[in-house]
Structures are given as C-alpha cells and as structure tokens.
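**Q** If you read the protein sequences in the order shown, they are chains S and H.
When you read off a place in the first sequence, starting at 1, and then add 14, the result is the number in our numbering.
When you read off a place in the second sequence, starting at 1, and then add 474, the result is the number in our numbering.
Any given hint could turn out to be false.
What the hints assert, rightly or not - Not everything, but these chain H residues come out facing chain S in the computed CB check (under 10 Å): (1) Gly574; (2) Ile722; (3) Ala737; (4) Pro920; (5) Ala922.
As the list claims (entries may be wrong) - Calculated Cβ distances over 12 Å to all of chain H for the following chain S residues: (6) Pro154; (7) Ile156; (8) Trp262.
For the record, the hints were derived by calculation from the structure and aren't laboratory data.
Quick reminder that beta carbons are idealized off the backbone N, C-alpha and C, glycines included.
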Amino acid sequence: MEAASLVFIINIIGAGLRTGTPLLFATTGELLTERSGVLNLGVEGMMLVGALAGFAVSYNTGNPWVGVLAGMLAGGVLSQLHAFVTVTLRGDQVVSGLALTFVGRGLTAVLGAPYVQIRDIPTLPTISLPFLESIPIIGPLILFPLFGNQNVVVWLGFLLTPFVAFYIARTRSGLNLRAVGEYPAAVDAVGMSVAKLRYFYIFIGGVLAGLAGAALSLAITPLWIEDMTAGQGWIAVGLVIFAQWNPWRAALGAYIFGALRRLPLDLQSVPWLPFASNPILGVWLSMIPYLFTIVALMLTSNARSRKRMGTPAALGIPYVRGERGL
Amino acid sequence: MKKRTLWTLLVAMTALLFLLAACGGGQAEEAPAEEPAPAEEEMPAEEAPAEEEMPAEEEAAGGETLTVQGFAGEQTVTIPTVEEGMTNVAFVYVGPIGDGGWTYAHNQGRLYLEENGDNIHTAYLESIPEGADAERVIRSLARQGFDVIFTTSFGYMDPTATVAEEFPDTAFIHLTGQKKNDTNFGNVMGAMEDMKYLAGMVAGAKAAEDGSNRVGIIAPFPIAEVIRLSNAAALGMRQTCPECEMDIRWIFTWFDPVLEREAAESLLDDGATVIITGADTPGPVQAAGDRGFTGLAYDSDNACVGLEDVCLGVPYWIWGPVYLDIVEQVQAGTWVPEDFYGEASDGMLGFFGFMEGQEPYPSVPESVIPEVQDMLDKMLAGDFTRFDIFTGPINDNQGNVVIPEGTTLTQSDLEGLSQGYMDAFGIEGREACTICMDYLVEGFTPTAEIPPLD
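Turn these sequences into a full structure, and let the hints steer you where they fit.
**A** Here's what the structure looks like:
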C-alpha cells in the first residue's frame, strides 16, 4: 500500500514536471515582459505560432532543434507587433495583446492546415539516465521515475529558472529591467532608452512563448492541431500574477498546475474514493485556470493589492517622457 | 494631428498584417504538394470566414459581423454570404476544421456535399461557442438567406430550435440532439456504438496478445452518448477476450491535447496496454506507441495517419452521403424533419482498416481479423445493429443484472432519455427510457464509475 501510494505520488509529480514545462517557458517569458512594464495578453497566440513554426520546420528540415529555434524566432517576431503598438504607438496593451492572440490563432489555422495530418516528425529527444536507478533506495523509487526518462525540454526548464532568477536579481541588465518596469523615468534620466528595453523584453517574452509552443508540438504532445495550446497561454498569464513576478514561484506554479491536471485522472482509479468526494474533478478543474486569472486580474486592478502583490509599478502604462506619474 | 498619424499607422499596419495572412494562405495551398493532403487543396482561403480578426479591424465587404465570446475572449465572426440561384447550405462547427477529429470529419462531409451535389453552395463557421452566441450566429445565417443550416454539436440544440421557429422557410438540421419539429427542424445521429464495438473486439484481442488483459478507454463527458459508446467497446472487448478488463478515465473535455495524452499515461501507468480514445486528438495513441503499446483513435478516417505502426483502427464518421441525401430532399421539396439515427448499413459509419479498399494496421492481431471483418460485414448489411449489441443478458460492472436475458434496449434506452432529461431540455414526443444508459457494463473494472455531470 505504501509503495503504491508512493508510485501514485511520483506519477503525478512526474507528469507535473512534464506538462508544466511549456507553461514554465511561457510564464517566465510573460514575467520578463511584465517586469519591463508591458502586459502582453498575446501569449496564447505566440505559443501557437511557435508550435506551428517548430513543427513545420522540424518536419521540413528533419532537425527538431532547428524547429525549436524557428518556433522561438516566430514567437519573437510576432511579439514585435505588440511592441510596436504598445511602445512606439503607446496603444492600449490589453487590446493589442488580445489582437495578438487572434492574429496568432488565425494565422496558424490557415498556415497549419497542411500539417494536421502529419504525425511522424523528428521530435526532441528524451534523456535517459539509467544510472539514477542504481542509487540506493531513492534511486529506483523516486529519482529514476521522476528524472530518468524526461524529455530534454524538461531539463531546459530546470536550467531556465535559476538563470532568469539570477539575471533579474543579480545582474546589471536585470537591474535595468526592474527599473524600466518600476520607474521608467529614472531609466530615461540616466540616458537609456525605455523603448529599446521594452522592445527587447517583449521580444524575449515572445521567444519564450514560442519555445513553449515548440516544446508542446515537438516534445510534450508531438502533433500539430489547430488551437492545440487549448488555453495554456491564458494560464501562463494567470500564473505570472500567482507568481507575484518571481521566477521561482512561476516555476513552482507551472509544475503545480501540470500536476493538478494529472491528479484527478489518477484519483479516478483509487477504489476507496468515490467520484462524489473528488471535488477537483470535472468542470471545477477546467474552471481553475480561468477562475485563477479572474481573481488575479481583480487583485491587480486594485492599487493597494497591486502594491502588496509586487506588481511592477509601471505595468500597463505607456511611457511618455515628461508626463506626470510614471 | 498626431492622433491622425497614429491612426494612419495603425491602419497601415493592420493592412500589412492581412497581406501577410493572405500570403500565408497561398503557402498553405502550395504546401500540400509536398505532402498529399487532398482535402486542404479544395479549401479556398476566402472560404474561411470564421477566422478571427483584430477587433479594431473594419468589416470587409460582404457579410455581417458578430462578436462572440470565444476561447480567447471576444472574437469576430463574419457571416458568409449566399450565392443567388443556388441551394445555400451553411454549417456551424464547434471546433476548428483543423482539429483532425470531429469537426474535420464534418468538414469532409461538407466538401463531399459541394462536390457531389447539384447547384449547391456551402459555407461554414468554425469554433462557434455553444449557447447564446450560437443562437445569434445561426439567426444571422438564416437571415442571410441560407436554405439549409447544419449545426453540428449537442450544445446547439436549443439555439437551433429557437431560430427554427423564427425562420419557417429554412431547413435546420441539428446533430447529436433529440429535438425536432414537424416543419423545418430535424436531427441526425448515427450508431457509432457499432464501430466502437469493433474497436473493443480488436482492443481485447490485442490486450490478450500483450498478456496484460487490460484495455484503457478515455471518456470525454459522463453523458449517455459517451457511456453508450464506452459500453459498446467493453462488450466488444469481452467478445474476443472474456478475461479482459477495461479501465476508464473521464476528462471532461472533447479537445485538450495535453489532458488527453495525460489520461492515456494515467491508464498506461495502471497497466493498460491498449488505449481507446473517445476524444478528438490521436495523442493517446501516440502515448501508447511511445511505450511500445497500441491504441485506437476516433472521429475521422485520417486520425491515425503517421501512426500506422501503433494504431489498431479508427471508428470514424462518414457524413457526406447523409448530408447530400438531406439537401437533395430539401431541393426536391420532399424533406420531412425526423429523428434520423443512421446505422452502419446507412453508410455513415466506418472502422478504418477494415472498410472496402483498406488494410488492417500491422499491429492488429492476425487471429482477430476474420472475426472483426465478419462482424463489420454483418453490420454493413444491416444484420447486426446497435440493438443486437445491447441485448441481454448484460450485467453492470458491480454484477447486477441491468438488461435481463431476452430483453433488447429501445432507442430511448440507448439515448438515455430519462423523463428528467427530457423535461430539462424540453424534448417532446419521445418515450422515456426504462433501462436508461447510466451504468457501466461488465467488462469495466469494478472500481470504474460514472461521475456526476455537475
């Protein structure tokens, strides 16, 4: 019984790591964009573009890594549309972000049509670590089932979070990033370009969203299907708020979310647990990301909770030199 | 002045975008040349009116636009226009036509209709949310002058019924519901349970060959249709493998690639070696294949393209002939609305790998092929129907008798038309079920259960 429950838990955590990875990429990207003061609701669109570009290029070149690069680039390029509208034209960030999602969905629907029937594409490799099994006790029980056969993108995710956390907190460029999101006038005053910085971090956000999409279409669910992200871009937007703009919490949130989607499936096979007492099943589970997003948006629209949550002070506000405020 | 410059820029940018999108469309049409995908070639880019547009975008010449609440917040839908002098047929789809599943199969039916019918013009709207938005979309189509409107998801039932009242001269056909009227509103469904029974037969034989004796099935929603199809699969499985057990995962969605795949992983972790999916994507088959096992996909005949080695078959829909039949009757003025429930012998169902001109996939156990082929032939000839599948004695998975020996379920029983259900949806003129479809048959593991629908 104990061994069985350990296997049960390990299965769920393992699935959380696997399916949480695309979310982690997208969430981290959106986090960086938002730390620079720009809200980009186009994550879903950029993920789709990244997923299709990754899939198509991997199919046509035979190299999944070229596909990943193409996916990242495609996400980055699409994001520059948002940068142009919100930074150069100082347009409304919410409207522009939504538009980006529509563009991404529409574009991939049309361009992706010939790829719907293609399934045998070069995918990203799984990294086998058989030596983990030889570590006494925890090896075969925990380490190997969790890490022994994970896709390479999962490991990429493990590396990304510490890197981004270090970058934001400990580097000169990270300081600039925080400054442009908190008090862009100061950045302007020392002679740096607010616009350039924001363009750059919107691009990085797009690149990571594109990577998230490519991770889906080349590793986690290696298929191209219209709308295959099925709302994950929105979950990423919500997770940034849950993470309070902290990359470690973003990673935690992404993995928890992945595990939360697997948990109710596995609970269905637990004999002593009837459905009636399985509260996170069904519509409630499918509602979580959206409830999450609504609550998060409510929290951040209020000035006091904004401050408490650690929202970048200039988030959502276009920068105009000399204008009062931020 | 400044504001005007900004606007000019914005408009120019939008225009550029659409130019880009249009170029993209061109590429999409070229691409099939390298990978044969005949269906896509027939789809001219301008026939995809439901494509989302930027909210700021002004309406192009042609139909009316509507804003509906889609997956990603609001989306703009352009109502297509009719062609004078032709029979105009519109389709409302719940998913994208590129889903490779349910909506894809319907769109194949639409293309068939356009190709094989006389003087027929078709148009479609994809990814239309069920409910109030659907009603506005359907009403706009009717107002636009479409002669026949097909709505292809259960949740369009009430919206279609409402609009049908308002436009008595338009024919409305709803799919997978139970409502109709006497003049211009009918419904269509088919006995997919036949094909799922065959899927179960193949799956059982394969699980026996694997030595696991365990089949896993992915069930989208706890509704009568899904329960019926899952039960048919379990009964089929028991035909070829009396010792086999079927495990089940409810996923509460028709389309979510990651969740569908995780459901398969969950079943595989619990010892299943054959996965049957009732949802839209072939991801579960892929998941099984990645572990060296096999699976069966659903919905459209192309679902297992590229997965031939690990796929055992696909129960699929053939909508074209049914559509054509209805539209031709409308053209001739002889169409009378009905509760049409097609059988395999009506030509609307297929089991890929065993239909005429098809070869069973290489992983299908040799020994079971003649048995499955034989059963399929009987079904196509009308000698074995859904009523034969659901004839007693059949127990539930707790060992209680649900269908006594010699008893055959009625159509209402199969559709789970309880009095409560009919009251809730306002369905009239149908008999209530007596042995309602609310049980899992013997063959499912004793711990399998049907969750509440909430």
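**Q** Indicate, hint by hint, whether the structure satisfies it.
**A** Evaluation of the provided hints:
{"no.": "1", "hint": "Gly574", "verdict": "holds, 5 Å"}
{"no.": "2", "hint": "Ile722", "verdict": "holds, 7 Å"}
{"no.": "3", "hint": "Ala737", "verdict": "holds, 5 Å"}
{"no.": "4", "hint": "Pro920", "verdict": "holds, 8 Å"}
{"no.": "5", "hint": "Ala922", "verdict": "holds, 8 Å"}
{"no.": "6", "hint": "Pro154", "verdict": "holds, 16 Å"}
{"no.": "7", "hint": "Ile156", "verdict": "holds, 16 Å"}
{"no.": "8", "hint": "Trp262", "verdict": "holds, 23 Å"}
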